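> Going line by line, the protein sequences match chains A and B. Mapping of the first sequence onto the working numbering: residues 1 to 212, in sequence order. Mapping of the second sequence onto the working numbering: residues 1 to 97, in sequence order.
Hints were generated in silico from the structure; no laboratory data involved. Every value quoted in this text rests on a predicted model; they were computed, and no experiment measured them. Where a beta carbon is used, it is the ideal one built from N, C-alpha and C, also for glycine. Treat the hints with caution; some may be incorrect.
[Stated by the list, open to error] Partial chain B-side listing against chain A, Cβ under 8 Å, derived:
| no. | residue |
| --- | --- |
| 1 | Val3 |
| 2 | Ile22 |
| 3 | Thr33 |
| 4 | Thr34 |
| 5 | Cys35 |
| 6 | Met37 |
| 7 | Gly42 |
| 8 | Val43 |
| 9 | Ser44 |
| 10 | Val45 |
| 11 | Gly56 |
| 12 | Ala62 |
| 13 | Ile80 |
| 14 | Phe84 |
In case you want the letters, here they are:
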Amino acid sequence: MPVMSNMLVPSVFAAGCLVGFLLDGIGVSFSGLGDVSLYVLYALMLQVGFSIGNSDNFAKVLRSLRPKYLLIPIATVTGTLLFSAAVSFLLSRWSIADCLAVGSGMGYYSLSSILIVQLKTPSLGLRLATELGTIALLANIFRELLALVGAPLFRRYFGKFAPISVAGVTSVDVALPTIMRTSGSEMVPIAIFHGLLIDVSVPFFITFFCGL
Amino acid sequence: MQVLVLVLIGMMAGYVLRHVEILKKVSVSITVTTCVMLFMLGVSVGGNKELLSNLGDYGWQALLLCCAGLAGSILFTMLINRLFFNEAEKKGDAGNE
């Protein structure tokens, strides 16, 4: 679950960029980094799974599951993926599967960017995979930002589920207070359910689309 | 594939051990691990001049993908709202600002 504060991820990424830039400036290469980060990724995925199975919400939400509410995460996923696939016709550089991989981040920018770089390196090469991972990072950060800033607008023009859907995975944490303010507190359980389900689905979708 | 197996193993372990209080702190270690990985991603972006000089270009592609995803999810949620949650929406509108 994306539990980190809003500024932490961008600043860590920026610090990494700076270090990489300086190291490159003095002629240090880091070709061995890929192997190390693969094992760090494995450790991360184990923990992500662990936190999903471990969370009180998960069991609680699963028990109180009302089938009708399943439609909202399904709508989020279907809409996001369909329209992300359409973008590949505008971006000739990327295949449909590449755009789908970026889209299936659903606002989970840290995990999606990392997974895409790792899983795409064998087929695209490290350079293109890093490029796509960077796009995934930015696209999903934008999604979270727009979900936070635009929630009142989405609520007003597109209905009370729109702020939840737009928030994607962050409807369970970062965007939850905003959703409560704009769509009402009766939307909170739905938002948590939505975010949790998408949270679980993100690794599966990304792995699937990176393998196509 | 390995990635998914690891997620599933983690989920099962997490569920079995859900009453062990100390393990609830896993979110902290996730944050740390994620930061390590993002730092490494940053290093490989920062050390790549070509990538760095194109960052603005990636920004536009990212914005395009982001907006498409938003438009799609909004459209489908509206559709579902209209088809399946009609009466709930009317009730919600009554108390709306």
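> If a hint holds in the structure, say so; if it does not, say that too.
Hints versus structure:
A hinted interface residue such as valine 3 of chain B counts as satisfied when its beta carbon comes closer than 8 Å to some beta carbon of chain A; here the least separation is about 5 Å, so the hint holds. Restraint check, isoleucine 22 of chain B versus chain A: the minimum CB separation of about 11 Å is more than 8 Å; hint violated. At a threshold of 8 Å, the smallest CB-CB gap from threonine 33 of chain B to chain A is about 5 Å, leaving the interface hint in force. The criterion of a C-beta within 8 Å of any C-beta in chain A is met by threonine 34 of chain B, whose closest approach is roughly 5 Å, and the hint holds.
At its closest, the beta carbon of cysteine 35 of chain B sits 5 Å from a beta carbon of chain A; the interface hint therefore holds under the 8 Å criterion. The interface hint given for methionine 37 of chain B holds, since its Cβ lies 5 Å from the closest Cβ of chain A, which is under the 8 Å cut-off. A distance limit of 8 Å between C-beta atoms decides the matter here; for glycine 42 of chain B the minimum to chain A is near 2 Å, and the interface restraint holds. A least Cβ separation of about 4 Å between valine 43 of chain B and chain A falls short of the 8 Å threshold, and the interface hint therefore holds.
For serine 44 of chain B, the shortest C-beta to C-beta distance to chain A is roughly 5 Å, which falls under 8 Å, so the interface hint holds. The closest approach between the C-beta of valine 45 of chain B and any C-beta of chain A is roughly 5 Å, which is under the 8 Å cut-off, so the hint is satisfied. Annotation: interface hint on glycine 56 of chain B violated; nearest CB of chain A at approximately 10 Å, more than 8 Å. About 3 Å separates the beta-carbon of alanine 62 of chain B from the nearest beta-carbon of chain A, less than 8 Å, and the hint is met.
For isoleucine 80 of chain B, the suggested interface contact is upheld, since its CB lies about 5 Å from the closest CB of chain A, less than 8 Å. With a cut of 8 Å, the hint placing phenylalanine 84 of chain B at the interface with chain A holds, because the nearest CB-to-CB distance is about 6 Å.
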